[in-house]
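Protein chains: 2
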Amino acid sequence: MKGQELPPVTIRRHPERGHYDAETIHAIIDAAPYCHVAVVRDGMPLVLPTFHVRIASDIFIHGAVATGFFQELAEGSPVAVAVTLLDGWVLARSWFNHSANYRSVVVFGRPREVVDTNEKQRVFEAFAHKVVPGRWQDARQPSERELRTTRMFAIPIDHAAAKVRSGPPADDADDLGRNTWAGVVPTKLVLGEPVPDPGQSPSIPFPAYLTEWLKRAQSES
Amino acid sequence: MKGQELPPVTIRRHPERGHYDAETIHAIIDAAPYCHVAVVRDGMPLVLPTFHVRIASDIFIHGAVATGFFQELAEGSPVAVAVTLLDGWVLARSWFNHSANYRSVVVFGRPREVVDTNEKQRVFEAFAHKVVPGRWQDARQPSERELRTTRMFAIPIDHAAAKVRSGPPADDADDLGRNTWAGVVPTKLVLGEPVPDPGQSPSIPFPAYLTEWLKRAQSES
Chain S
16 MKGQELPPVT IRRHPERGHY DAETIHAIID AAPYCHVAVV RDGMPLVLPT FHVRIASDIF
76 IHGAVATGFF QELAEGSPVA VAVTLLDGWV LARSWFNHSA NYRSVVVFGR PREVVDTNEK
136 QRVFEAFAHK VVPGRWQDAR QPSERELRTT RMFAIPIDHA AAKVRSGPPA DDADDLGRNT
196 WAGVVPTKLV LGEPVPDPGQ SPSIPFPAYL TEWLKRAQSE S
Chain Z
16 MKGQELPPVT IRRHPERGHY DAETIHAIID AAPYCHVAVV RDGMPLVLPT FHVRIASDIF
76 IHGAVATGFF QELAEGSPVA VAVTLLDGWV LARSWFNHSA NYRSVVVFGR PREVVDTNEK
136 QRVFEAFAHK VVPGRWQDAR QPSERELRTT RMFAIPIDHA AAKVRSGPPA DDADDLGRNT
196 WAGVVPTKLV LGEPVPDPGQ SPSIPFPAYL TEWLKRAQSE S
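Those protein sequence lines, which keep their order, are chains S and Z. In this text, residue positions in the first sequence follow our numbering: the first is 16, and each later residue adds one. In this text, residue positions in the second sequence follow our numbering: the first is 16, and each later residue adds one.
Honestly, I wouldn't trust all of these hints.
If several chains are the same, the list does not tell them apart, and a pair holds so long as it fits within one copy or across any two.
[As the list claims (entries may be wrong)] Pairs of lysine-lysine, DSS-like flavour, derived with a Cα cap of 30 Å:
| # | residue 1 | residue 2 |
| --- | --- | --- |
| 1 | 230 | 203 |
| 2 | 135 | 145 |
| 3 | 145 | 203 |
These are computed hints drawn from the structure, not numbers from a lab.
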């Protein structure tokens, strides 16, 4: 399995929804808060959600050293990574033509373990910046011990495809006369009202970078 | 692989977050709009997003007959299904203790293909009811041909585990004195403003069940 060629990434069903350019693929990976990583263990499929960040043409994932899931990754076994964003429900006039608008990416690759603590540190900084810009500077940064007890893997994005659906429903000509409302109801992951840690001193102010982050998330939705 | 025993579902990392009761597992599966299904193809992992609905203790997924992905399912190869809901960003005082609140389920199982068109019809009705209550009655229901050209699989949920994190950050005692705001910023998938199909007659009213659906989604967020 280790030496085996990675599977093809050609989109066979709805080929017109397929994209293979790095710009489209990277943008979807960046927009998604988390991904799903699949490996083969003892011949059986295993899939788990995990957070990720992209730097250049690598996806980085990380976790505690104890994460059982990382055994296969450390051995260099191939992984499949799926990144999925649901953008809306597509309500057609027939049930059969109901669909969803979405952006998705699947990457096949062989993970490389990141062992250098400086590289780990840089990836964490990028991850913090992706999720909450400004947080890296405000929080206590990782200690040597913390970096050592975190395992990290880079998966190259050079064997990947995106699949994207957007726009209105595609109904059969025969159904267009129906008296059924048709259209798209967009969906979006939004941020809610922050809940301060109950153990926190009330004198600690809510930081400006968080206000900015919430405001930007609001305006994008 | 076909006769092989399914892998254990015990949560090893953060065992206190593990749940094995059907009530918890079913509620998470029902709350998620889509899942990720992993299979092994030629010894390599493959994972794809797809929509699902639960009825009793089965997850049902479906797709066009041409879906290449269904080859392994039809052969009865084991699948791993992951269902993931991101509930919030957990902002701790140290970067290391940053986390997320989430509800996730992983199911291992051998799919059974649904071939009876009456069963398919019932599953589609349940799926419509899950996504947009009232839509099934309003849209044109599937024809015999449409049911035949849709492939459907049931995956039993009897070999599954849930993992759930909720609540405030868990900081190290040494970090509690820091002047860093700590807490949770909730996240939620919400519905946006409906976009009517441009080809639609303006005389078609926006149906009451959709207004109801949007209102309920709003009040839950």
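A quick look at each hint next to the structure:
1. 230 with 203: Classified as both; 15 Å inside a copy, 16 Å across copies.
2. 135 with 145: within (15 Å within a copy, 42 Å between copies)
3. 145 with 203: both (18 Å within a copy, 18 Å between copies)
Of the numbered hints given earlier, the model fails none.
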